[in-house]
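Trainee: Below, each chain spelled out in residue letters.
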Amino acid sequence: MSSSAEILSQAFTLGYTYTRSTGPIVGQFLTSLRARKMVGIKASDGKVLMPPVEFDPISAAALTEFVDVADAGVVKTWCWVKEPRKAHPSDKPFAWAMIQLDGADTPMLHWVDAGDEAAMSTGMRVKVRWAEETKGLMSDVNGFVPEAVALLGELKPATSDEQITGMEAPIYLTYNFTAGKATARYLQSMKKGKLVGQRCPNCRNVYIPPRGSCAACGVPTEEEVTLGNKATVESFTIVYIPIPGNPIKPPYVIANLVLDGANLSFLHLLSECKNEEVRIGMRVEALWKPEAEWGYAMENIQYFKPIDEPDVPVDQIGKLIDEGR
Amino acid sequence: MRDVAIVAFAQSNCQRDAGAQNEVELIMPVLTEVFKQTGIKSAQDVDFTCSGSCDYQQGAAFAFVAGVDALGAVPPIKESHVEMDAAWALYEAWLKIQMGTAESALLYGFGKSSPGELPIVLSQQLDPYYLAPLWVDTIAFAAMQARTMLDSGEITEADMAEVVARSRNNALKNPHAQLKGDQTVADLLKEATYVSPLRRHDCCPISDGACAMIICTIEKAEEWGKPYAIIKGIDHRIETHHIGSRDLSRSVSTEIAGKAAGVADGPVDVAELYAPFSHQEIILKKALGLGDDTVINPSGGVLAGNVMMASGLSRIGEVAMRIIRGEAKRGVAHATSGPCLQQNLITVLEAK
Chain B
1 MSSSAEILSQ AFTLGYTYTR STGPIVGQFL TSLRARKMVG IKASDGKVLM PPVEFDPISA
61 AALTEFVDVA DAGVVKTWCW VKEPRKAHPS DKPFAWAMIQ LDGADTPMLH WVDAGDEAAM
121 STGMRVKVRW AEETKGLMSD VNGFVPEAVA LLGELKPATS DEQITGMEAP IYLTYNFTAG
181 KATARYLQSM KKGKLVGQRC PNCRNVYIPP RGSCAACGVP TEEEVTLGNK ATVESFTIVY
241 IPIPGNPIKP PYVIANLVLD GANLSFLHLL SECKNEEVRI GMRVEALWKP EAEWGYAMEN
301 IQYFKPIDEP DVPVDQIGKL IDEGR
Chain A
1 MRDVAIVAFA QSNCQRDAGA QNEVELIMPV LTEVFKQTGI KSAQDVDFTC SGSCDYQQGA
61 AFAFVAGVDA LGAVPPIKES HVEMDAAWAL YEAWLKIQMG TAESALLYGF GKSSPGELPI
121 VLSQQLDPYY LAPLWVDTIA FAAMQARTML DSGEITEADM AEVVARSRNN ALKNPHAQLK
181 GDQTVADLLK EATYVSPLRR HDCCPISDGA CAMIICTIEK AEEWGKPYAI IKGIDHRIET
241 HHIGSRDLSR SVSTEIAGKA AGVADGPVDV AELYAPFSHQ EIILKKALGL GDDTVINPSG
301 GVLAGNVMMA SGLSRIGEVA MRIIRGEAKR GVAHATSGPC LQQNLITVLE AK
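From first to last, the protein sequence lines are chains B and A. The numbering of the first sequence is this note's numbering, which starts it at 1 and goes up by one. The numbering of the second sequence is this note's numbering, which starts it at 1 and goes up by one.
Errors might be hidden in some of the hints.
As the list claims (entries may be wrong) - Covered, in the sense of this in silico footprint (three residues per stretch, anywhere, with C-beta under 8 Å from a C-beta of chain B), are these stretches of chain A:
hint, segment
1, 55–61
2, 68–81
3, 244–254
4, 339–348
Stated by the list, open to error - Here are the computed lysine-lysine pairs in the DSS-like style, where the Cα-Cα straight-line distance is at most 25 Å:
hint, chain 1, residue 1, chain 2, residue 2
5, B, K76, A, K286
6, A, K180, A, K190
7, B, K82, A, K190
8, B, K92, B, K82
9, A, K96, A, K78
10, A, K96, A, K190
To be clear, the hints were calculated from the coordinates, so they are not data collected in a lab. All of these numbers come straight from a predicted model, not from anything done at the bench. C-beta: ideal position from N, C-alpha, C; glycine also.
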């Protein structure tokens, strides 16, 4: 039974490498930022919103009138980060602050390099510390500093004066993924060279890889069923397009395979065959990698290859009788 | 508006790390429990199913689809999903019942936040040009909101600690709570700040878990012959994403939603408020016009355990179950989403 699963986990990073279009309003703000100038936008009621938005937050009217604002202003509220997170813009303690720039009527968010929490206070004056190089991003402001701090760094002129219409906005998030109980049990069996699925107590269907439930009946699955290496092709496709990062050279065959004794298919590679001879109902068998290379992964099976057995009629695929049914 | 009955509710324990439990393994026990309470067998026995979850929390694409494996959706069922707290799944189902396209609905929410760095994950729900690239997190915004209120003298640090002390104390009676205990305001104030002015205990914990609920028409509830609580009003309002334009010491959207849902139409015996940070309970209490005769967060609230994407529906479930058990006649449940209470959903519940 599946009660004694050890916890299998894997660290990974998810990357969303988006490029965003800015539209004319955000684009103008970022273009100005690159030129080390701050601009806000006039709202319906005449107030200057900072940073600029496309539509008035109250009247929803489209806004168009940009207004120059200063690169210094007043801290309206703030908090102190003692232990910055990896993603944060500063690796030493810093303040997040809502800063109302002179000439603006709403505060904007940025960070303040004040050195010490005691140097921060609501109402204090701060000024922009421009980045040495500007790119048209929020990080062109390398934080704010208390107004009295002298800034001596060299500022390179902006590399371009073209209107900004898009920006790179990559996001990387790190996780430590943990497999569920059923998946963990399945992967532990794979490591031992065994294919172990689960049987639904209700409809008796056998699932591999198992998910801990019967998706059809909505009941937990616990009974484990060890399956053999033979399978039947339920469907297949021949891939001619190279996929970046995939070590397999096209053309190759990917097939939906139903293991003998199982009722639902999984995907795997088909090899040692002529691609044009692959067909639905064809009998195949798993070719395992050498035992020394086995891990907690489906890749322990290098691929499936044809065997000399009569084809299974289409209407019987996934319905092979085993002793449990 | 047509009255809608809540007939069943179940929630898992709030745990910091659910470890080797995938979404299906998290959801299935609460589904089994609400089916049992209602006296039905599966999702096939309701007209509509709606869930709330966010794949970014666990970093697994289409985890919300994988979650459907818990339902027994063969033959196919009518099913929907919101990338929000499941309280909004209830709202969608409530609308379906209002339109007459469903008589009953199953709702569930689940969240597995332990695999990622939740505050950083949530930073990416913010404005993608001005805020997300700075990786400003939810705790920072809440801390700046708290300071606004402290600076104006509207609240004190002791007021915030009082909320925490009461939450942890109430949680002693809640078997699902993650953080509980008997601490005095003085004890809490001795702790160092975390993201000042917030102390660690001013912030909700990170929890894994799930909850489920079954709602239906009054006729259907009578047919099932189960006790129920009635949804008398529900309303959802949102504030601008331009955070500098908001008055952070108030929750205007909660004020409007509370009025529209009819909070003030009768005495409020109990309220469950989704306040992930201690000072936000004070904002919400004021926005809803709740007096000292209303018992607030008897479960301990989300300061005692916060399953992102399920806690909002659990607030509604907590109030409903108190009404069903006869401990209250009329109650208010609140759900929130976004930085500094940006979105607020108010539900007013009454006894039969």
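Trainee: Does K92/B pair with K82/B here, judged by a C-alpha cut-off of 25 Å?
Mentor: Status holds; Cα separation ~8 Å.
Trainee: Do three or more residues of the segment 244–254 of chain A come closer than 8 Å to chain B, measuring C-beta to C-beta?
Mentor: The restraint on the segment 244–254 of chain A holds, since 3 of its residues have a Cβ under 8 Å from chain B and three suffice.
Trainee: Straight-line Cα separation of K76/B and K286/A no greater than 25 Å?
Mentor: holds (23 Å)
Trainee: Tell me if chain B covers the segment 68–81 of chain A under the three-residue, 8 Å CB rule, please?
Mentor: It holds, with 7 qualifying residues against the three required.
Trainee: Next pair to validate is K96/A with K190/A; report whether the Cα-Cα distance is within 25 Å.
Mentor: violated (50 Å)
Trainee: Closer than 8 Å, Cβ to Cβ, for at least three residues: run that test on the segment 55–61 of chain A against chain B and report holds or violated.
Mentor: Holds: 4 residues of the segment 55–61 of chain A have a Cβ under 8 Å from chain B.
Trainee: Does K96/A pair with K78/A here, judged by a C-alpha cut-off of 25 Å?
Mentor: holds (11 Å)
Trainee: Taken at face value, is the distance from the CA of K190/A to the CA of K180/A at most 25 Å?
Mentor: holds (18 Å)
Trainee: Can you take a look at whether the segment 339–348 of chain A is actually covered by chain B? Rule is 3+ residues, C-beta closer than 8 Å.
Mentor: The restraint on the segment 339–348 of chain A is violated, since only 0 of its residues have a Cβ under 8 Å from chain B and three are required.
Trainee: Need the status of pair K82/B, K190/A: alpha-carbon distance at most 25 Å?
Mentor: Roughly 17 Å separates the two Cα atoms, so the pair holds.
In this structure, the hints that do not hold are numbers 4, 10, in rising order.
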